[in-house]
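Novice: We have chain B; now place chain S onto it with these hints.
So the sequence lines, in the order shown, correspond to chains B and S.
Reminder that position 23 of the first sequence reads as 53 in the working numbering, one-by-one numbering, no gaps.
Reminder that position 42 of the second sequence reads as 72 in the working numbering, one-by-one numbering, no gaps.
In case anyone wonders, no lab produced these hints; they're calculated from the structure.
All residues carry an ideal CB built from backbone N, CA and C; glycine is no exception.
Hints may contain errors.
Selected chain S positions facing chain B (in silico; Cβ < 7 angstroms) [to be verified]:
1) Pro155
2) Val181
3) Asn187
4) Ile336
In silico lysine-lysine, DSS-like type, Cα no more than 30 angstroms apart, as pairs [to be verified]:
5) Lys179(S) <-> Lys347(B)
6) Lys347(B) <-> Lys119(B)
7) Lys146(B) <-> Lys347(S)
8) Lys205(B) <-> Lys347(B)
9) Lys146(S) <-> Lys347(B)
10) Lys179(S) <-> Lys300(S)
11) Lys119(B) <-> Lys179(B)
12) Lys347(S) <-> Lys205(S)
13) Lys146(B) <-> Lys347(B)
Protein chains: 2
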Amino acid sequence: MAVYTHLGAEALGELICAFNVGDLVSAKGIAEGVSNSNWLIETTGYGGGKTGHYSENGGARFILTMFEGRTEIADLPFFLGLLDHLADKGCPVPRTIHDRDGASFRSLTGPDGEEKVVALIEFLPGVSVSLPTPAQAHAVGIALAQMHKAVEGYDQNRRNTLALPEWRDLLEACKPEELATIDPALGETVTRELAFLDANWPRHLPTGVVHADLFPDNVLMLGETVTGLIDFYFSCTDIIAYDVAVTHAAWCFDNAGRNFNPAISAALLKGYESVRPLSVEEREALPVLARGAAMRFLSTRAYDWINTPQDALVVRKDPLAFARRLAFYADPAHADVFA
Amino acid sequence: MAVYTHLGAEALGELICAFNVGDLVSAKGIAEGVSNSNWLIETTGYGGGKTGHYSENGGARFILTMFEGRTEIADLPFFLGLLDHLADKGCPVPRTIHDRDGASFRSLTGPDGEEKVVALIEFLPGVSVSLPTPAQAHAVGIALAQMHKAVEGYDQNRRNTLALPEWRDLLEACKPEELATIDPALGETVTRELAFLDANWPRHLPTGVVHADLFPDNVLMLGETVTGLIDFYFSCTDIIAYDVAVTHAAWCFDNAGRNFNPAISAALLKGYESVRPLSVEEREALPVLARGAAMRFLSTRAYDWINTPQDALVVRKDPLAFARRLAFYADPAHADVFA
Numbered sequence: 031m032a033v034y035t036h037l038g039a040e041a042l043g044e045l046i047c048a049f050n051v052g053d054l055v056s057a058k059g060i061a062e063g064v065s066n067s068n069w070l071i072e073t074t075g076y077g078g079g080k081t082g083h084y085s086e087n088g089g090a091r092f093i094l095t096m097f098e099g100r101t102e103i104a105d106l107p108f109f110l111g112l113l114d115h116l117a118d119k120g121c122p123v124p125r126t127i128h129d130r131d132g133a134s135f136r137s138l139t140g141p142d143g144e145e146k147v148v149a150l151i152e153f154l155p156g157v158s159v160s161l162p163t164p165a166q167a168h169a170v171g172i173a174l175a176q177m178h179k180a181v182e183g184y185d186q187n188r189r190n191t192l193a194l195p196e197w198r199d200l201l202e203a204c205k206p207e208e209l210a211t212i213d214p215a216l217g218e219t220v221t222r223e224l225a226f227l228d229a230n231w232p233r234h235l236p237t238g239v240v241h242a243d244l245f246p247d248n249v250l251m252l253g254e255t256v257t258g259l260i261d262f263y264f265s266c267t268d269i270i271a272y273d274v275a276v277t278h279a280a281w282c283f284d285n286a287g288r289n290f291n292p293a294i295s296a297a298l299l300k301g302y303e304s305v306r307p308l309s310v311e312e313r314e315a316l317p318v319l320a321r322g323a324a325m326r327f328l329s330t331r332a333y334d335w336i337n338t339p340q341d342a343l344v345v346r347k348d349p350l351a352f353a354r355r356l357a358f359y360a361d362p363a364h365a366d367v368f369a
Numbered sequence: 031m032a033v034y035t036h037l038g039a040e041a042l043g044e045l046i047c048a049f050n051v052g053d054l055v056s057a058k059g060i061a062e063g064v065s066n067s068n069w070l071i072e073t074t075g076y077g078g079g080k081t082g083h084y085s086e087n088g089g090a091r092f093i094l095t096m097f098e099g100r101t102e103i104a105d106l107p108f109f110l111g112l113l114d115h116l117a118d119k120g121c122p123v124p125r126t127i128h129d130r131d132g133a134s135f136r137s138l139t140g141p142d143g144e145e146k147v148v149a150l151i152e153f154l155p156g157v158s159v160s161l162p163t164p165a166q167a168h169a170v171g172i173a174l175a176q177m178h179k180a181v182e183g184y185d186q187n188r189r190n191t192l193a194l195p196e197w198r199d200l201l202e203a204c205k206p207e208e209l210a211t212i213d214p215a216l217g218e219t220v221t222r223e224l225a226f227l228d229a230n231w232p233r234h235l236p237t238g239v240v241h242a243d244l245f246p247d248n249v250l251m252l253g254e255t256v257t258g259l260i261d262f263y264f265s266c267t268d269i270i271a272y273d274v275a276v277t278h279a280a281w282c283f284d285n286a287g288r289n290f291n292p293a294i295s296a297a298l299l300k301g302y303e304s305v306r307p308l309s310v311e312e313r314e315a316l317p318v319l320a321r322g323a324a325m326r327f328l329s330t331r332a333y334d335w336i337n338t339p340q341d342a343l344v345v346r347k348d349p350l351a352f353a354r355r356l357a358f359y360a361d362p363a364h365a366d367v368f369a
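With the rest of the complex left out, here is chain B (with noise of 0.2 angstroms):
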């Protein structure tokens, strides 16, 4: 929740001229995104038009992001791409604007005189829902599972590069007596929970291109119609399910993990079967892939809160609120919550 860097209006407006998307009338930095500086800008609209003319209605509108180190910039072409592919696809995702010698991405000078590499995103409706209903998880598990079909054919891949083995190093990373300032009894439930996963994570199911991190914040919705999945940084190419299993764990649970909702898990599924049906092996292995979304969570989260200074621009999120979460997949009292 941040804009990073200052862009003046002259570098924006000069930036903007690379794109076939008229003139720039209007730019603000929006608090979205953990990782990058982002922009609303609005101009005249595709093909041109002169400075001044702007019309009461609105010109386009598009997201500018730029990409502040957490994003690799190798990356660019996969996620980028990805786009391009899932909105050819139908997707209700926002293509990249390429720019007038077809780049998907270019870089600018800052305003310090460092390279920032910056892309210029469609701008869609909606709005992100706090509190979801039944109804509107029913669409975002079919939105789900659309995106899992439409990823066919895409030619491009990712390793996840926030996996188990890099929960592992992550947690690893922590030192048990920081974990315990968490919860003291966080470190034995996270070497408990390693080893289960190490023994019991999935080998055989059917890979694909999956968001990996579909939380609340990154559908757009307008009253129970997705309108946009966005901020696909993390998405890879991994387990199919276990995205599943990631949307899960962001939608079932209040922010603080304590109160699991049957109702919306239930519906969240139902929607996902109604355009992709489960396989009897990747519904019981769901699980097993819950606790590791849970865990893949717990691992980013407890890291950041041991190494973000308590003074930090940035707001730490609360580890055991997926701590919780995994507490609850590691209940056998839940097996039926996937039954």
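Specialist: Same frame as chain B, but now just chain S:
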């Protein structure tokens, strides 16, 4: 530069229903303003429409401002009424959107159960320039003078709560050794200049409603056209020529206050006088008023510098940028700037 309060889509949607602006289509927290939270809101447009009906060309856009404490709620009728008055007179200021009951602001219960006051303001196109050209400064001078003429007939008043007595209060609240940490000579400068301003502040110049904070950040432009004067939350009744001095101090130097730009200065004053010629008394008072304008921002910046923890979320602004402007205006060698 922040969004201080999280407002979920549900709360935002409910709020928008109180206005006759259609349904919520999009809401992005924007990094604008230092003391309030702001969202760029898009709706299906005036007079209704159903959720989900969304034109590719965009709906109506608004800025939703949540007042976070620095703005006195008792002053809102003055600020918001001023916007409507100026818009009626043809000035490029954003109108306040009144709710279905005719109110220009309303309260809502924030996520912490706290009552928050919000106003819905018209969105205006344009971007804030970082490196103004003389032609842009000329246009800003014209817009400022037009505003000074258009406020005639506005029937509300507000005392300037950041005038000479408050500059003294703020600076006296800083200990000499704290001022010395900013610059060893600052304490002496401030004592000398406050005495000078006390003795020389003009008493009989025309007064009216002034913006009092017309920095480039608070002006929206498209090319050389002023499309918006915004952020009136320091506006008040004061000496009209003082507003010219504030705008001069804000536009005619680089940020750090090291370099004065005579071409910008000449263009700004020429633009202003093409609409509202300064009287001989006003022109003669400008050097003193400009020292006051520099002191106004020096006093708040020095106070904030000393009283804001270095690790706070707010970026502290350098007081010396205005100590340098003060030294410039106080230097007899620069007597010709306002001649």
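Novice: Each of the hints needs a verdict: does it hold here or not?
Specialist: We went through each hint and held it up to the structure:
The beta carbon of Pro155(S) is positioned within 7 angstroms of a beta carbon in chain B (closest approach about 5 angstroms), and the interface hint is therefore held. The restraint placing Val181(S) at the interface with chain B is violated, with a minimum CB-CB distance near 26 angstroms, outside the 7 angstroms limit. Annotation: Asn187(S) was flagged as interfacial toward chain B, and the flag is violated, the nearest CB pair being 32 angstroms apart, outside 7 angstroms. The interface hint given for Ile336(S) is broken, as the beta carbon of that residue sits about 18 angstroms from the closest beta carbon of chain B, more than 7 angstroms.
Distance restraint check for Lys179(S) and Lys347(B): the Cα-Cα separation of roughly 51 angstroms exceeds the 30 angstroms cut-off, and the hinted pair is therefore not satisfied. Of the pairs offered as hints, the one joining Lys347(B) and Lys119(B) is violated, with about 35 angstroms between alpha carbons and a cut-off of 30 angstroms exceeded. For the suggested pair Lys146(B) and Lys347(S), the alpha carbons sit about 25 angstroms apart, so the restraint of at most 30 angstroms is met. A C-alpha spacing of about 19 angstroms is found between Lys205(B) and Lys347(B), which places the hinted pair at or below 30 angstroms, so the restraint holds.
Between the alpha carbons of Lys146(S) and Lys347(B) the distance comes to roughly 25 angstroms, so the proposed pair stays at or under 30 angstroms and holds. Between Lys179(S) and Lys300(S) the alpha-carbon distance is near 16 angstroms, which keeps this suggested pair within the 30 angstroms criterion. Proximity of Lys119(B) to Lys179(B) is assessed by CA-CA distance (about 9 angstroms); at most 30 angstroms being required, the pair is judged to hold. Under the criterion of a C-alpha separation no larger than 30 angstroms, the hint pairing Lys347(S) with Lys205(S) is consistent with the structure, at around 19 angstroms.
Of the supplied pair hints, the one linking Lys146(B) and Lys347(B) holds, its CA atoms being roughly 27 angstroms apart against a limit of 30 angstroms.
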